[in-house]
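Chemist: Residue-level listing of the chains:
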Amino acid sequence: MLSASPYPALVRAGYRRRSVYLTASLAGLFTNTVFGLLRVAVLLAVVAQTGSTAGYDAGGVSAFVWLGQGLIAVVMLWGDGELSDRVRSGDIAIDLSRPWDLQLALLAGDLGRAGHAVLFRLAPPVAFGALLLPFRWPDDPVPTLLLFTASTVLAVVVSFSLRFLLDLSSFWLLDSRGVRSVYNGLGGVLAGLTVPLAFFPDALRGLLYATPFPAILQTPIDVFTERDGLAELLAHQLLWAVALLALGRLVLARATRKLVVQGG
Amino acid sequence: MAERVYRRIVASRVRSQLAYPVSFALDCVAQAIGQALELVVILVVFGRVQSLGGFERDEVLLMYGLAGIAFGLADLAVGQLDDLPRWIRTGEFDVLLVRPLGALAQLVTSDLQLRRLGRVAVGLVVLLVVVTGAGVEPTPANLALLVLTPLVGTVLISAIWVATCAVSFWVVDGKEVANAFTYGSSLTTSYPITVFGPWLRRLFCFAVPSAFVAYFPALALLDRPDPLGLPHALRYSSPLVAVVAVAAAALVWRTAVRRYQGAGS
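The listed protein sequences derive, respectively, from chains A and B. Per the numbering used here, residue 12 is the first one in the first sequence, and the count goes up by one each step. Per the numbering used here, residue 14 is the first one in the second sequence, and the count goes up by one each step.
These are computed hints drawn from the structure, not numbers from a lab. Keep in mind that the hints are not guaranteed to be accurate.
[Said to hold, decoys possible] Covered by chain B, according to a simulated footprint, are these stretches of chain A (three or more residues, beta-carbon under 8 Å):
id, segment
1, 44-51
2, 149-161
3, 188-202
4, 207-220
Computed from a predicted structure; not experimentally measured. Heads up, the beta-carbon is just placed ideally off N, CA and C, and yes, glycines get one too.
Whole structure, please, built from the sequences with the hints as guidance.
Modeler: Pasting the structure below:
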């Protein structure tokens, strides 16, 4: 019997593990900021013609771009395939025999990592964008920021669950690189990193919201910029977070049954 | 003699990639999707507005097509330089230095990523589809320009790649910093430079000479004046800029390698 739950310690460990690599954070920050500047230039050129496009004005697209560039690292849009490598190398057998629930343990570590990213990867580009460019701040800061926090946590859970599933595909495919590279490519556009999903034609947008992608980036940004229909958006996030976590457990159980550990 | 060695190295890389045809085909498709994403962005944007930075949809797509081919070919040729930080960290780079062949040439031939042809294909298809719609007259000069532009662009982007990846010799985690310029240039070359503000333009279109990959040649192809009022000669100067860029990249690379002291103990 464990004297204490290991999960809070794993959250802290996830945070501390990232804080060791400060230069990596700075380098990532530089890249996010450069891409933010280029993206916001294109979108500002779009809204400059009409004053407002699909409910976005100059401050709106700027908030969209800077929050998006920061949230990439928070939700970890592009996974590192670490779990996939452990499946391929066989180290997964050790992970599975530890006295924890593997999915919960990894999620705890990922939440700690995300907490570090909020401070070091999300706050700086948002501050940078807000100081240099027009920026849409919430009209109702306190409730909006609370909702934004909740929505960001849900976004991390959805993103984590998808990455977990992609990595588990290694149990069957041995190399999940192909699947992950397609996901990484599609993710940016479908989640709402490059262009606001509101710019898409209505029919396509309906299709997009049948997938979990908007829950990863566009929804927290929509919450921050106080767009309409937030209750549905948050419900969409919650639904996908629960469904994908459950699917992950199911797939892990299947994969474990398939696992053969060699040697004594 | 060295050429024969390189030819054999490259041939073996090509054979190894084609050994798994299904995996190779999937990789090509993934690359094509990666390239098509910016196309989706351009199409979505033009679903909302009639012109961007003073250019119509087909004109922007012409730039996107030219840039896509150039970026894909450059990525195919020198994209493996992204792994330079790993080569340095693990000490494998030191091994290259003691071989009687150039370090850069060895790195470049260490992996010829044929899957990048997926990117090239998307650029090529878009270019062929929009070239008449954008209003490019079928003159011999324009045909020559259409063939030459992606090739000169490949040289330009490759030079940017080599110069920025050399940062890894000085900065740990230099890869991310280099990515801002290499993958960033795939973004800046795909749009008219008029959408970027004056400072971004100076840095990302001229200092990093991405404006010469597609924007200026496209002005020549479309036979229209530069909305920024820049000199007329610029639209034909891409080959010259490419020569300068290669010289600059070579200088940066050589300085970096000469100062390199090894990562090992």
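Chemist: Hints first: check each against the structure and report whether it holds.
Modeler: Hints, one by one, checked against the model:
1. 44-51: holds (count 5)
2. 149-161: It is violated: at least three residues are needed, and the segment 149-161 of chain A offers just 0 whose Cβ sits closer than 8 Å to chain B.
3. 188-202: This one holds; 7 residues, not fewer than the three required, reach chain B with a Cβ under 8 Å.
4. 207-220: As far as the segment 207-220 of chain A goes, the hint holds, because 3 residues have Cβ atoms under 8 Å from chain B.
The structure shown violates just one earlier hint, number 2.
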